[in-house]
Amino acid sequence: MHMHKYEKIWLFFGIGSLFVFLAVLGVGAFAQGTQPPSCLTTIDPEKVDQTPPFDKPGLVKTGENEYQLNIVASAFAYTPNQVEIPKGAKVTINVATKDVIHGFEMAGTNVNMMVEPGYVSSYTQTFDKVGEYVILCNEYCGAGHHLMTAKVKVVEQ
Amino acid sequence: MMNGTWKVDARDGKLAMAHIYVAFVALALGGLAGLLQVLVRSGKFELPAGISYYTILTTHGVLLGLVLTTFFIIGFQFAAVSRTAGTLSDRVRFWGWIGFWLMTIGTAITAFYILIGEASVLYTFYAPLQAHAGFYIGLTLVVVGSWISGFAMFAHYAKWKKAHPGQVSPLLTFMSVVNMVLWLVCSLGVAATVLFQLIPWSLGYVDRINVLVSRTLFWYFGHPLVYFWLLPAYMIWYAIIPKIIGGKMFSDSLARMSFILFLIFSIPVGFHHQLVEPGIDPAWKYLQVVLTFMVVIPSLMTAFSMFATFEMYGRSKGATGLFGWLRKLPWGDARFFAPFIGMLFFIPAGAGGLVNASHQLNQVVHNTIWVTGHFHLTLATTVVLTFFGGAYWLIPHLTGRVMTKAMNRLAIIQTIVWSIGMIFMSSAMHFAGLLGAPRRSAFSTYGDAPQALEWIPYQIAQAVGGTILFIGIILVLIIVTNLAFFAPKGETEFPVAEVAEQAERTPLVFENWKLWIGIAVVLILIAYTVPFIDMIQNAPPGSKGFKLW
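Heads up: the protein sequence lines correspond to chains A and B, in order. Anchor point for the first sequence: position 93 equals 93 in UniProt numbering, and the numbering is continuous, going up by one each time. Anchor point for the second sequence: position 484 equals 484 in UniProt numbering, and the numbering is continuous, going up by one each time.
The shape of chain B in the complex, shown without the other chains (with noise of 0.2 Å):
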């Protein structure tokens, strides 16, 4: 294994680092677009010059949920891939910057539908609501390019499995291609859906549209979505955290089989989306909300394994007591301290995800703001914060610098503004939504209902607890921005952690990739033939293009 001082090789960085500044560029926007929703939502606050509520909550949508993610998460994996499996070759870099390029020109394309009022329809565009074809058109580029990174990724990884034949591979390597496996297979469905329906019925070559086989190749692609974005941050717990704080890894073919099982379980489970929706039957949503607790497995596995490795730390620091190697650990480290936090929001935020998956539970709180609640804890918390702490170390180790004291402390500080913001948004958006209160919508009494206006006390408390998530917005761009360009030159490394003595030799059988696709695809087989070909079977007659904004 390579460890110690490894560096990026400069021009790999470079590929990295561009992406992270796109998305960096997407945080600062989507989130002045959610400071200003919270802002509308609390009632006190109008947008000026006629601008919808709707254009902004789509804008933070696709920034947030799609170009943040996107962007960072491929930057992230083309620097893990280079430091664990070697410098890129020119052939794989060049493939990146295209890829790149195709995911910036069509986030650019995507936004600029937006901004001009042609795209209201949300980054979940549910025809028949109809946007311009741009907007379609932009996504598809977005897509193509992150599958032309993915192959290039699959091609390093290639190249290394040739050069060292029987060997394991390096696993944050191993962890990026299963993150890139799972992306290529579920994006499959967005991609059929944009190509085959919405693309030609925007530009007027096809009249109707099947509405419900369109959500439904959504949803096949949204739910294994959300693990894309947290594959990356558990990369982060298992491979580089314990590195960090001192310690080992504590196995690493568990953390292989943890990889394996969501590859497995992430995608064929898009009907718990769909629960309350009528034309699929319950029998087919119930096999598919088992398919989606699968993953608790994983998790499960994960929350274990990240504990073990704090614990093992701390004993061998001379911890006693139950919990006393809790004291061992470098709290005032941004690098340590960011991702930390975050896993302490996913217990919250995976137990809100179970009620979300729950065949009747989900009924009482469908589409209320609680939902909105649950993935600012999932994606706007644990992931993101994970991110913040993996850009600590990544961006002074890809421009050569190093981060100061003042800017770990301004990190810190950014992490428990970021907690407090979120523990007063996301616990009012909870509790607002079991009382009824709807998700994307903008200020309303809805004729002065009294059940609506018990929600807006509620919708104050978000208001403040979205103002100081932007507070804590504007300081991780100020820790970026420095770590970026103004901090002193120095070597930054690259924490790879090392897998503790005592663990056993990881089988090859994870690198068996036929056998895992192969699972998956049976298991996708199995979860959609039957209600897919039912909707088509039945189909009542498609529906024309809404313009409704």
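Chain A with its partners taken away, still in its complex shape (with noise of 0.2 Å):
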């Protein structure tokens, strides 16, 4: 079929330019491991109060600056919903919910992750700057969703 001159210059370029940017975020996503939240892990929703590591919620310390942060979420609260974290510490964060889909996000950093029934999520964050983060359910769950919330501190060692 023909194509003006133009057309194909400016299809050239957009199209070129298009690959490049997939070819980033395959990069990125292949060869650096930057993958987006994807633990694949399974739990029975209606046993996770019973299931470890979350029949213990809280901060685990796992070795030389590492931890584990494991925070169990329901309608319409996160368990713990206080956290202190070291600064520098490299943080495994797994949640999962008791009954309905919730969110999981550290406004403020790129913790932000879907909760839903039956599954683990599960994202590793260094924290490196002291301060302090909220975090919020932003998958709506119900009457008291814009309610649940939790914080984290992060503190000089």
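Don't take each hint at face value.
Okay, derived cross-link-like pairs now, SDA-like style, lysine to any residue, Cα gap no bigger than 20 Å in a straight line [stated by the list, open to error]: (1) A:K8 with B:L287; (2) A:K153 with A:A89; (3) B:K544 with A:T42; (4) B:K44 with A:T124; (5) A:K129 with A:G108; (6) A:K90 with A:T124; (7) B:K248 with B:K544; (8) B:K489 with B:M17; (9) A:K61 with A:D44; (10) A:K5 with B:S299; (11) B:K544 with A:D44; (12) A:K98 with B:R505; (13) A:K153 with A:C39; (14) B:K44 with B:A461; (15) A:K5 with B:K248; (16) B:K243 with B:F336; (17) A:K151 with B:Q451; (18) A:K153 with B:G447; (19) A:K129 with B:A452; (20) B:K547 with B:F112.
Just so you know, these hints were derived from the structure itself, not from any lab.
Could you use the hints to bring the two separately framed chains together as a complex?
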């Protein structure tokens, strides 16, 4: 099919930059390991409280400067809802829900995931800056959705 | 080609107008809900009488996202196929009316359950939040009604093809068929989850539901849905605007090619709405991200075509210099001005969309109010302003009236009011979203968190913008009411553009439906089969229903 010369140039650069962009995303994902949270671990949503590590939610030290933060989400609260993290800690955050779908967003960081019944949501983040971060539910979960929140303090070691 | 004085048959016009009335009633009520939302979210206002923010939010989403769009689109397309492929047969029109009534009754049932507070599940109705079965049944009727109307359009197209063997079908008819095929293929997903999962579960026939399967079926539908909204706007841009400005269409075949590309690449992309959820392997997410971005190609083609049309017209009127042709465009004609402003808004809207669908960037904005800001540019500005611009000639054409100069001026003002309101509201949403403010949430300071307090000025800006937009809604309702009932009697043209002389003949291959639908199905199977089997094989125990509002 005939195309105007200018349209060919336009599409050549447009499609060219599109593929460069997709390559950047692909290299980021597969070569550098920057994938969106996709834990794939399943859990019985009615037995979250009995299933480790969610039977004892909270911050657990797992190594030199490495931690696990296990959080249970339910309408309309996170357990625990106050956490202190030492500055520089590399924290793997695991979240599971006991009822409906919730969000888990730590404003001001890249921690942002869906929490769905039956699955563990997980993401690892290093906290280099001292400060207070608000965690909030960003997926509608019912009448108290906007009250579902928790707080993380990153403190000097 | 039929042109000039061709008029849509009065009986077909009645069918189209019925759809358009429902669409604008939905705009009025849904717009009011939107106004209440931005006011609540400013923190300065509370809803009276214990009305829930989330009931209002569900109403807003269902009425504007599903009802306004679907009714306007089907009404417009019935008029378009009648105008370009000839008057509908009695049978086609009969089924069109059946479709209309099913959709209308379905909407009424769904609206009833939302308003009595039995279905505050938002328009995405994610399980395991469980609405009253009536909510799902009403939505099913809407979808089934739209299918019937789609098949009525297919039958009309088939009749035209039979009467004109070996000929290329009229462009607007072809485009309507593409859009209804797209709609049909994608709405199978939402129909599957509603019929086989949500209805039996909400009626108590089954106890538990597979949440991830339900969400995946929903998003198999949810993204192509936005192209179902967008393609009628593209119809107006490609096939009608050139005639309104007095020019010619740049190329008929490129227009068809871009529609076919949309058909192929719109559907196997739902995972980009599910990028941050736990149950899907990231490699499959990435594959669908790549497929998502393929729709950039037809959008680039559309942008080129539109501006080529504008420039060709301007130069034919003696414009010189690099941008002299801009001055020759009919800025005082609302039928051109409103859709043109819609096109301009599509530039930042598209750029924001690239961010949303990116494998990693999505995490920064997912479920923040940035996303709300995004689709208030795409749907609530680009598409809606184009529909308004379409209504300004379509309604008087169908009702046998003419738009007065005063109404045209009001429509220009309406477009400007809309733009100002949207710049306030959408920009504030984008910025607040980047700071972390969530979407779909009533006013909250999250325990007076310092971060959340920073969002409040943006939320006030949203309220200012939203209020201006509501004024815009009042203005368009005044114009539409005038055009439907009070404007002076007369003849208004249904503009249909002709192709430029230098454009090449359109090949018939674009109507090889087996080929294109076949490719679309293959891509869907590639993108979904393995992850879908995974979801079922590795499924966690299902979820009981919850009513948490």
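key: Violations among the numbered hints   = Hints 1, 4, 7, 9, 12, 13 are the ones this structure does not satisfy, whereas the remaining hints hold.
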